[in-house]
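Visitor: Produce the complete structure using the sequences and hints provided.
Number 395 in numbering that gives the first Met the number 0 belongs to position 396 of the sequence shown; there are no gaps in the numbering.
These are computed hints drawn from the structure, not numbers from a lab. Please read these numbers as outputs of a predicted model, since none were measured by experiment. All C-beta atoms in this analysis are idealised placements derived from N, C-alpha and C, irrespective of residue type, glycine included. Please note: incorrect hints may appear among the correct ones.
[Claimed, not checked] Below 25 Å or equal to it, Euclidean Cα-Cα: the simulated PhoX-like pairs (lysine-lysine) are:
| # | residue 1 | residue 2 |
| --- | --- | --- |
| 1 | Lys331 | Lys306 |
| 2 | Lys168 | Lys195 |
| 3 | Lys221 | Lys293 |
| 4 | Lys317 | Lys233 |
| 5 | Lys293 | Lys133 |
| 6 | Lys293 | Lys306 |
| 7 | Lys246 | Lys217 |
| 8 | Lys129 | Lys210 |
| 9 | Lys195 | Lys246 |
| 10 | Lys331 | Lys293 |
| 11 | Lys306 | Lys261 |
| 12 | Lys331 | Lys347 |
| 13 | Lys246 | Lys293 |
| 14 | Lys210 | Lys246 |
| 15 | Lys233 | Lys316 |
| 16 | Lys206 | Lys261 |
| 17 | Lys310 | Lys347 |
| 18 | Lys129 | Lys147 |
| 19 | Lys300 | Lys347 |
| 20 | Lys133 | Lys195 |
| 21 | Lys206 | Lys221 |
| 22 | Lys261 | Lys147 |
| 23 | Lys195 | Lys129 |
| 24 | Lys133 | Lys168 |
| 25 | Lys133 | Lys261 |
| 26 | Lys331 | Lys233 |
| 27 | Lys293 | Lys316 |
[Stated by the list, open to error] Using C-beta positions, here's what the derived DEER-type ranges look like:
| # | residue 1 | residue 2 | range |
| --- | --- | --- | --- |
| 28 | Ala410 | Ala120 | 49 to 57 Å |
| 29 | Glu65 | Asp212 | 42 to 50 Å |
| 30 | Arg296 | Asp108 | 21 to 29 Å |
| 31 | Lys378 | Ser258 | 31 to 39 Å |
| 32 | Asp212 | Ala120 | 56 to 64 Å |
| 33 | Val373 | Ser258 | 40 to 48 Å |
| 34 | Asp108 | Val219 | 36 to 44 Å |
| 35 | Gly179 | Arg296 | 22 to 30 Å |
| 36 | Glu384 | Pro73 | 30 to 38 Å |
| 37 | Arg398 | Lys378 | 45 to 53 Å |
| 38 | Arg398 | Leu92 | 28 to 36 Å |
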Amino acid sequence: MVQRERALVGSPRFETLRPEVHGAADVLGQVSSHRGEAGRIELTMALEPEGNNRLLQDVLARPGNETCADCGNPEPDWASLTLGVFVCQACSLLHRSIPHISRVKSVQDTWDASEVELMAAMGNTAAKAKYEQKVPAFYYRPTHTDCKLLREQWIRAKYERNEFEFIEKQEPYSAGYREGFLWKRGRDNGQFLSRKFILSEREGALKYFNKQDARDPKAVMKIETLNATFQPAKIGNPCGLQITYLKDNSTRNIFVYHSDAKEMVDWFNAIRAARFHYLQVAFPGASDEELVPKLTRNFMKEGFMEKTGPKHTEGFKKRWFTMDDRRLMYFKDPLDAYARGEVFIGSKENSYTVLSGLPPSTQGYHWNHGITIVTPDRKFLFACETEAEQRDWIAAFQRVINRPMRPQEYAVEAHFKHKP
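Guide: As structure tokens, then:
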């Protein structure tokens, strides 16, 4: 056994580990510097499972390996032996869905020398240079907070389909035109029906048609105000996408899904590509880094609260609220096409504040955790079911209020003030 291990360490394959594994001098340095029986003992110890796992920890400590290769979650505790990347537990489960591409193993398991060598030879930084070499600027790179659909398709796009090594594989979302059928929720009856959608950068719009052979679209959504965000829980489908746009300066919601996960993510990234190219023309001096955060956005917060009317004498009613940047919208039902009302939330420099609690004279609420939004024109009163919800909503409002207003947001504020 000792002879076999001694031969393995002396081989060129194992020697490649030395320059790669920083901080492993305690193990390998002692082995190479000793002679005779003492050296053989050190050699054997270095190759025991405990020694291999120590070497693995040194590889894990290398720059780039301290976060998940796929979602950026800190302290990854799993690895793909076939791809040579360290990933978090959540992403390791997604790697298991492509067993022909990736074989995962916990860093807490027992590792042998050849497995450690594989990880040392690649690592997250080298893997990203290979598998992410041609990711378009507009393509959405999911984080650990994103839904499973986005994370799984990102992993499959990288390792299974090799989309970012061969540009021709990116045509479904980068061609500037996309046409297909999506299941769309009916505005009035709530039924999902198959509808034809066309996204055209040249026309600057996303359109959908009620009938397959219809010449005129049912709706035209300008790319200028278009947004898309995955909402699997709210829509009740793992591929559920919420599309919003402005119609007569009011927000219109459209809820869609596709049975094929790749198709749905391709639609999402096609919308991002169209937005990216629109913004490049609208803001010619802006860098990619400045434009990418503006392509699509997730809602800052959603959930039920109670609200009362402008006189503060009406009874409080339960409504679904969505905080979309500076627009606070409320709906009777989370899947309503239009909001019952919208409130603009400005900055503290413009006399917007958020307060915990309700005015002492307030009556008619059922939930006890109040919030008061003070604007230059009036106060808005809300009530939350739990203290935790109250805390989260106040934090969301505060983030917006603390942020100075951009020039174009003053025009939006003015529109809200003059809304009929």
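Visitor: Would you mind confirming whether the straight-line C-alpha gap from Lys129 to Lys210 stays at or under 25 Å?
Guide: violated (44 Å)
Visitor: Would the hint linking Lys221 and Lys293 be met if the CA-CA limit is 25 Å?
Guide: At roughly 15 Å apart (the allowed maximum being 25 Å), Lys293 and Lys221 satisfy the hint.
Visitor: Range hint 22 to 30 Å: satisfied by the CB atoms of Gly179 and Arg296?
Guide: At roughly 24 Å between Cβ atoms, Arg296 and Gly179 fall inside 22 to 30 Å, so the hint holds.
Visitor: Could one say that the CB atoms of Lys378 and Ser258 fall in the range 31 to 39 Å?
Guide: Between Lys378 and Ser258, where Cβ atoms are some 47 Å apart, the hint is violated.
Visitor: If you draw a straight line from the CA of Lys246 to the CA of Lys217, is it 25 Å or shorter?
Guide: Between Lys246 and Lys217 the Cα gap is close to 13 Å, so the pair holds against 25 Å.
Visitor: Decide if the proposed pair is consistent with the structure: Lys206 and Lys261, CA atoms, cutoff 25 Å inclusive.
Guide: holds (21 Å)
Visitor: Quickly compare the C-alpha distance for Lys210 and Lys246 to 25 Å and report which way the hint goes.
Guide: holds (22 Å)
Visitor: Please work out if Lys195 and Lys246 have their alpha carbons no farther apart than 25 Å.
Guide: Holds: Lys195 and Lys246 sit about 20 Å apart, inside 25 Å.
Visitor: Regarding the pair Lys317 and Lys233, is the alpha-carbon distance no greater than 25 Å?
Guide: Holds, at roughly 17 Å.
Visitor: Is the gap between the beta carbons of Asp212 and Ala120 within 56 to 64 Å?
Guide: holds (57 Å)
Visitor: Taken at face value, is the distance from the CA of Lys195 to the CA of Lys168 at most 25 Å?
Guide: Roughly 23 Å separates the two Cα atoms, so the pair holds.
Visitor: Given the hinted pair Lys331 and Lys306, is their alpha-carbon gap at most 25 Å?
Guide: holds (11 Å)
The earlier numbered hints that this structure contradicts are 6, 8, 10, 11, 12, 20, 23, 27, 29, 30, 31, 34 and 37.
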